[in-house]
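Those sequence lines, one after another, are chains A and B. Take the first sequence: its position 93, counted from the start at 1, is 93 in this note's numbering, and no numbers get skipped. Take the second sequence: its position 188, counted from the start at 1, is 188 in this note's numbering, and no numbers get skipped.
Just so you know, these hints were derived from the structure itself, not from any lab. Not one of these hints is a red herring.
Given that identical chains are not distinguished, each listed pair holds provided it fits within a single copy or across any two copies.
Distance condition first, Cα-Cα at most 27 Å in a straight line; then the derived DSS-like pairs of lysine-lysine:
hint: 1; residue 1: Lys184; residue 2: Lys5
hint: 2; residue 1: Lys184; residue 2: Lys96
hint: 3; residue 1: Lys42; residue 2: Lys74
hint: 4; residue 1: Lys184; residue 2: Lys82
hint: 5; residue 1: Lys79; residue 2: Lys184
hint: 6; residue 1: Lys47; residue 2: Lys74
There are 2 protein chains.
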Amino acid sequence: MRNIKITLEYDGRRYAGWQIQPKNQTAKRQTIQESIEKTLQKILQEKIKVIGSGRTDAGVHALAQVANFKTHSKIPLEKLQKALNALLPEDMVVNKIEEVGPDFHARFQAKSKLYRYTILNRRYPSVFLRHYAYFYPYPLDVNLMRKEAQYLVGRHNFKSFYTSDKKIRNPVRTIKYIKIKNNKGLITIDIEADGFLYNMARNIVGTLLEIGRGRFPQGSMKKILLAKDRTKAGPTVPAGGLCLIRVNY
Amino acid sequence: MRNIKITLEYDGRRYAGWQIQPKNQTAKRQTIQESIEKTLQKILQEKIKVIGSGRTDAGVHALAQVANFKTHSKIPLEKLQKALNALLPEDMVVNKIEEVGPDFHARFQAKSKLYRYTILNRRYPSVFLRHYAYFYPYPLDVNLMRKEAQYLVGRHNFKSFYTSDKKIRNPVRTIKYIKIKNNKGLITIDIEADGFLYNMARNIVGTLLEIGRGRFPQGSMKKILLAKDRTKAGPTVPAGGLCLIRVNY
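If we strip away everything but chain A, and leave its shape as in the complex, we get:
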């Protein structure tokens, strides 16, 4: 059996996320995983199980999601990549394909992930970014957002930023860094962590926006983190602004 690692770019808009989640079992939107498995099965003519580095939620995009699968097929990799890109829907592209050792596991071996949330902070929206950035026309104190974000860096219980999905999970994660850039109102918030709880990135950004807008006072982030209470944090910002940028192994 060959073990194949693929790197995937996708526009999450049409999808119910990477994988069917319990509460989505009745949803009619396809998942990314289903779409890739179906296409691989068509090409390779065998049952394929694709393992992703982790779930991306419904509507979230990816620049470089990583997945792997095992196959008996001897098809050359370049040919397989071309066939995939010809048969996958146009909102999904395989950027890279490589053969890896039999032990490589896209989920278990992922060391960290980098997510980027993009905000368009100006008075009028953008046509070309409308599906990829959250239009937020209110004045923001970006420096204060940067300072407050630093309280989240390190190993913490992130229960305050975790939208419960009814499974009991260990809410402790390690955030390696949070970097906030502002390029003439196009604000990107990069968060690298060893793992993300359900909606964690979007709840952190929603809280940062409340702080930046002055609705939560300076010092709020520390208090919210320590409260371990989801109701203390800000709202979940829309999925379209979020993109999985990189998975580190």
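We have chain A already, so just place chain B on it with the hints.
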């Protein structure tokens, strides 16, 4: 009467271009101009005629199309911009709005226009650029394209690059510059001219690609220009790669 100048960004995909052209009279797709006039009339409650700097063809995008219209309304500009952006479809945004002198005319006073054509030149497509760049996976000699493009700069008869729309037009235009940039396979071709004939930018790019790919030999551009014959030039590249970047007054 106030004379109002607006700067517009739009995603051309859903539209039959700026203005209904003779051959599109039966088309069902709306035009940009219709969409703006309808929205302005709804807000201002009077008949409005919008003058664009020029037509953009069906499917072509704009980052900063310029238009003007006259109105009796005394509505503050900021309020009008907000109302427009709230009521226009989400693939159309008013970036800027200003009051200009009674003589300003978006078409007659346009001195030059800058169009950008974007090509994605690598082995696999891009999800996020799929509607805004022409995916062209064949190797290109970009330096040769740059050299050949220079034959078009200046005042010339561009009949070879003009898809006839059955109106007799003067085919002489002045190209101020053509700048070709290549950023890791993302190629942009900027063309600034005092005016563009129907499909002129896309026919120039189609010809440059034939040269870059080696299907037209070095020296072709000069011969094609002098031939004044559309059949000698390359094909019309897809509309989605083209964007009106700026109109100079």
